[in-house]
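Trainee: Chain residues, written in single-letter form:
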Amino acid sequence: MATTTTKRFAATHRVAGKGRLAGSAALGFTFDGQTYAGVQGDTLASALLANGVHLVGRSFKYHRPRGFLSAGPEEPNALVGIHRDAARKTPNVRATVQELYDGLTAVSQNRWPSLAYDVGAVNNIGSPMFSAGFYYKTFMWPKDAWAKIYEPRIREAAGLGVAPERPDPDTYAQRFAHCDVLIVGAGPSGLAAALAAAESGQRVILCDEQPDVGGALRYESGASIEGQDGWTWAQAAAASLLARDNVRVLTRTTAFGYYAQNMVGLVERVTEHLAHPDLTTPRERLWQVRAKKVILAAGAIERHMVFADNDRPGIMLVSAARTYLNHYGVAVGRNVGVFTANDSAYPAAIDLKKAGVNIAAIVDIRDNPSSALVEEARSLGIEINAGRTVTGTDGRLRVSSMTVQAKSGGPARKVPIDALLMSSGWTPSVHLFSQSRGKVAFDEPTLRFLPGIYAQDCISVGACNGADSLDATVDEGFAAGEKAVRATISAKPKVDKGETWGGGMLGASPGSGPEQIVKAFVDFQNDVTAKDIRQAVREGMRSIEHVKRFTTNGMATDQGKTSNLHGLAIAAEVLDKPIPAVGLTTFRAPYTPVTFGSIVNHAKGELFDPTRRTPMHGWEEQQGAVFEDVGQWKRAWYYPRKGEDMHAAVNRECKTVRTSAGIFDASTLGKIEIVGPDAAKFMELLYTNPWAKLEAGRCRYGIMLREDGFIYDDGVVGRLSDHRFHVTTTTGGAPRVMHHMEDYLQTEFPHLDVWLTSITEQWAVIAVQGPKSRDILQSLVDNIDISDAAMPHMSVREGTICGGVPTRLFRMSFTGERGFEVNVPADYGRAVWEAIWEEGKKHDVCAYGTEAMHVLRAEKGYIIVGQDTDGTVTPGDAGLDWAIGKKKSDFVGIRGLTRPDLVAPGRRQLVGLRTKDPKTVLEEGAQIVDDPKQPIPMKMIGFVTSSYWSENCGRSIAMGLVEGGFGRMGETLHVPMPDGVIEVEVCKPLFFDEKGERLNG
Amino acid sequence: MRKYSVFAIAREAMRGHKGWDQQWTSPEPRKDYDVIIIGAGGHGLATAYYLAKEHGITNIAVLEKGWLGGGNTGRNTTIIRSNYLYDESAGLYNHALNLWDGLSQDLNYNVMYSPRGVMMLAHNVHDVQVLKRHVHANRLNGVPNDWLTPEEAKEFCPPLDISKRARYPIVGAALQRKGGTARHDAVAWGYARAASARGVDIIQNCEVTAVRRSSNGHVIGVDTSKGFIGAKKIGVVAAGHTSVLMEMAGVRMPLESYPLQALVSEPVKPCFPCVVMSNTVHAYISQSDKGELVIGAGTDQYISYSQTGGLHIINHTLDAICEMFPMFARMKMLRSWGGIVDVTPDRSPILAKTPVPGLYVNCGWGTGGFKATPGSGHVFAHTIANDNPHPINAPFTLERFRTGRLIDEAAAAAVAH
Ligand SMILES: Cc1cc2nc3c(=O)[nH]c(=O)nc-3n(C[C@H](O)[C@H](O)[C@H](O)COP(=O)(O)OP(=O)(O)OC[C@H]3O[C@@H](n4cnc5c(N)ncnc54)[C@H](O)[C@@H]3O)c2cc1C
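Chains as they are written, first to last, in numbering that gives the first Met the number 0: chain A, 0 to 1000; chain B, 0 to 416.
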């Protein structure tokens, strides 16, 4: 890393007495390995310029050498990689925005082997071939060459920086904020708006992407407000705002997206400017601000002139050169040319001249520029070439001359320069307005798109609204602030003196028109020239969206901030249509690129997606359980003992359950309580089964359909009392079933007096299954008679267990064994589980996991919704016709069930499958055919839904959905696998205890 | 149509590219046409092209309310694959995949079909069951789709993290090597150019506002922002706005329209070789030829015709991307946008005749119809020309939602893009 050995202001292009950084601490930094000196308050751009460095990047397509175009976020050229350490590397950072810190390491991009000697620059020589959209017209022969030869090379050549390869170690934060007034932009209009709005005491948020407030006052040397120079006033205004507790001022904060209902996304760069960020401080912070009123004070963006070779390093916007001089104290050249179509260039020339920089010439395309500024420039002895144009420049890695000619042609003159400033006027920044779905309107006299019809409660003020003087800007801002808070405030800041910024031109400048074959760049980063745009139009692209996509104009990382309007004007000229008739491309969020990290912020690692654990999770871990992900839940999959693999563990667990008993954590099952006088009516409508006559204290297996008649979910439902049902759902289905129920209750059955409450997490569920289950629970229940007589299969009792723990005790079974499910409040889950475990040990129980649960239920042919059904299965297909209330006249899905195809023969039906070789276990998802010898594509008649080794049966077992399966009992079918065909016999999906005696055994 | 080739470019380079023909013309509508296609997206343009090329019908207009290719065709993440579960879908999407291969040559327009491989990740037992079901069905349908171990997946796509660190570790993957991407604009433009060359009128900025029918119910034409235009047959291919158009003809469609969002990052040097999709983590990603990471987000929860979706959807998507690829946290979102997708109850398209004589509909592609563009246009052209579906699209009827003969790719829990 660089050290700060260099002396203060050692930099060659720093002008003594200029700028606001005098007295700031010296900083060292490196660019492409070379060490440089800068000062606190510099951007990387200003620091490089202070050292006389203009060459900073290469363009996307032609690899042309590029310098700094701007001093702000609109920068298309000066993109660099910033490396803090091996893991902290950010590509494509704008050097014009990156604040300097001591030790900053920056590297140039998209060049090889070096920035000054880039092999890719051969593209520039071949550039006549690489015109707009050339790649659509070639690389087609031979057929496979595109993917094999051309595309890989194009990909290598494309791209700018290098993506980081290591996980990002930084943290990010986010805040949600509400306010009465959000003001975007802290230039004079935004500050005035904030001062007015703040006075009312209402909640105000003011944000600006720059490190300081002030906006254009940063470079406008001619502004004076309230008797102070503009910049000083702005800082004082900010201080007074900061002192209020109803105002939040966010600097280094970009409003990047304007969403529905006045929600604006901001991203605050918190540590990006620090040399040694505290690792506990978030690097960036996302703000999602919901504002009653939004005031957009986003200013205007200067446009370049479009002329031949306008892209050489050293050629930049007028406002940029002025910013570097007046704020950073840096002269961008020693012999500077100026090319302009409006007055804005003059104050720059004047400022530079006064700072001792030679102004080689001002070239003004206007025939008779006349204003006080023009006069002032003239009086300073600056040469003004009115009615002339610049037709070209020279210089490989830095501009060395400009060619000046009359607009109508004639003799040309080369003027030596080392920097060239240009301005074709100002584009109001309507991006956020447009994102808010507001409609812009073209203002013919000023050639600008301005806010037209508003779609949300917002207002644009200042330069982004077309104001073109400091006076008007402050007025508009203040008035909007007053209006936003509906108050009259007296303390309006008084503008003593200010600048104006109207006028200018759009499109290619004279001398770079359609008749010339020159590279007059419109979009610098993407290397789009005026010629490309004309070509696109000639090729039939009439819509500006086509022109944009065909040429890629405006699609670079600067999103066309400087290029869009030029492109539009050139297209309109060729089409011979007025600009608004060609249209404006959509402004899409984000305003400037936003890191993924800032949007993701906290939602990573543990917080990416909550991990749901049951109350017994810790115990299961201690027992060495292996877990599986089921939705967000971690479920114990199996409990291997020493030396056991999964297979052995599952076999043992399955055996144990059927010989003594097993306990199983069923807490993840969805649970919903349905309460109210109409609870039974609601159940009748949501489930296929009848419920009205189900007695309190009894349970029933319920099936729920979608409107279309297909199975949606299932589960055992206990009726606790006349008006109260305890519904269970599948683990994965819990939220969706809850929504489904709410949806119907609110939209279809609002007349029913019913409440739905999700109780999944309130109750821990311990399944105790097996012949010994009652013996185990017998001694633990306090006041519930669990004898067969008092509590038969499919009943539910409320009472207490383990000395006073409330329980809802279900007698039910998903194993085919006598079984119970003990529901206890989640906080007691582990204690009760352990009590049952202790008691169970006396009976040789085991804990079993989801895998054994699956095998045991498959042995009995119990389905799992989502595994044995897939959303195309009716109750009839699943062999569950019995669960449909035959006398019912209505339930969700009843009409769907009667549709012709749902009652047609040949539907896929759920059957059992026995492999001919009992040792072969089928693969779930494997397909079933009748004739394995048929050619591909084969006619598939079904597939395997569930398949396991069953230790209890001593063979493999499987279930599958097979066309007309119920009628195929005993038939042999085939499962063609890549390594051979497996023969299976269709059977009933019931492999164990066919009579079902064990439920009570 | 003057042929595109490297020689043509060289010739034009000598004269400043001033001699290129218009890729398509922009004519004023004629009084009537044999066939009107409503919607100049990829599917509509492809339909017109194949009608002209294979059925000799050239008196066709494609009417587009905005600019051609400006709908979902120009907004999608361009994933191409054919490893769908059901035979009907496999038939349709594989037909398209076969046409992709060679489409550039057929159209003489480089659509940049790039079979870089589409990988779908499995993160849990259920994913494995579902993806294996696809792999097996695909194999027997002749649709290549391989099952990979996590190690094999990582070898194919090195940025994958197959460690146990992840919230949802990768336990396997299905890979369709012939899957990949294509350049969306080029598809629209290539079909437009080729159709235009065969005499098809593509009429942009021409919104259809009513569908006119004779007393016997047969279509006779449409009212548009450019006046009435007569037609013997009308094909509606309007994606998210299909139900609006069909309503004009008195047909109520089983469609819901949602905004679906996508985003790209700033361009970077090649760092991601294929397409990766994860249904469980809700992420899909690829890298464009330009170097941008192309990332698809989800649909909003509510139906709407607003092309701007909420930030929370983008948020959720990037959460997932950075969870799977934590090195991308310093990448920057450059652009985000939305399109209106038309979703059927079974997530499969409708390519069919309608109850209105002379009216045909091609819609319901939802979040995943780009990949089908050539196949869809091809069989839809057949359907219109013969007033009868091609065997490949015969199952994709409108009636199936009444009869229940669904092709339920959603139920099969596949990702839909
Ligand atoms: C964000 C996003 C990502 C996607 N990702 C993928 C993907 O990775 N892979 C994939 O295969 N698919 C994807 N899709 C889906 C895919 O884009 C679409 O299924 C497909 O492009 C549809 O093509 P189309 O021609 O039918 O529709 P469109 O391209 O939308 O064309 C329909 C046209 O109809 C026009 N129209 C509508 N109403 C009228 C009217 N009244 N009069 C005249 N014209 C009218 C519209 O302006 C539009 O141009 C994605 C979609 C989106 C939105």
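In case anyone wonders, no lab produced these hints; they're calculated from the structure. Keep in mind it's a predicted model, so treat the numbers as computed, not measured. Glycine included, each C-beta is placed from N, C-alpha and C at the ideal position. Be a bit skeptical, because a hint or two may be false.
[What the hints assert, rightly or not] The calculated label-pair distances, taken between Cβ atoms and stated as ranges, are:
id	chain 1	residue 1	chain 2	residue 2	range
1	B	H54	A	D575	33 to 39 angstroms
2	B	D222	A	L449	32 to 38 angstroms
3	A	V121	B	T24	52 to 58 angstroms
4	B	A393	A	T756	47 to 53 angstroms
5	B	G65	A	P444	25 to 31 angstroms
6	A	P805	B	P157	23 to 29 angstroms
7	A	D575	B	S224	45 to 51 angstroms
8	A	D742	B	G65	44 to 50 angstroms
9	A	A486	B	E206	52 to 58 angstroms
10	A	D84	B	N97	47 to 53 angstroms
11	B	H54	A	P934	28 to 34 angstroms
12	A	K413	B	R176	57 to 63 angstroms
[Claimed, not checked] Heads up, simulated DMTMM-like pairs for lysine to aspartate or glutamate below, C-alpha to C-alpha not over 25 angstroms straight-line:
id	chain 1	residue 1	chain 2	residue 2
13	A	K932	B	D86
14	B	K268	A	E271
15	A	K692	A	D721
16	B	K289	A	E164
17	A	K142	B	E11
18	A	K147	B	D100
19	B	K268	A	D31
20	A	K938	B	E11
21	B	K17	A	E514
22	B	K163	A	E605
23	B	K268	A	E150
24	B	K163	A	E150
25	B	K163	A	E643
26	B	K289	A	D721
27	A	K147	B	D145
28	B	K268	A	D117
29	A	K147	B	D105
[As the list claims (entries may be wrong)] Going by beta-carbon spacing under 10 angstroms, a handful of chain A positions derived as facing chain B:
id	residue
30	N91
31	G731
32	G924
Trainee: Failing hints, ascending?
Mentor: Checked against the structure, the hints that fail are numbers 3, 6, 7, 8, 9, 20, 24, 26, while the rest are satisfied.
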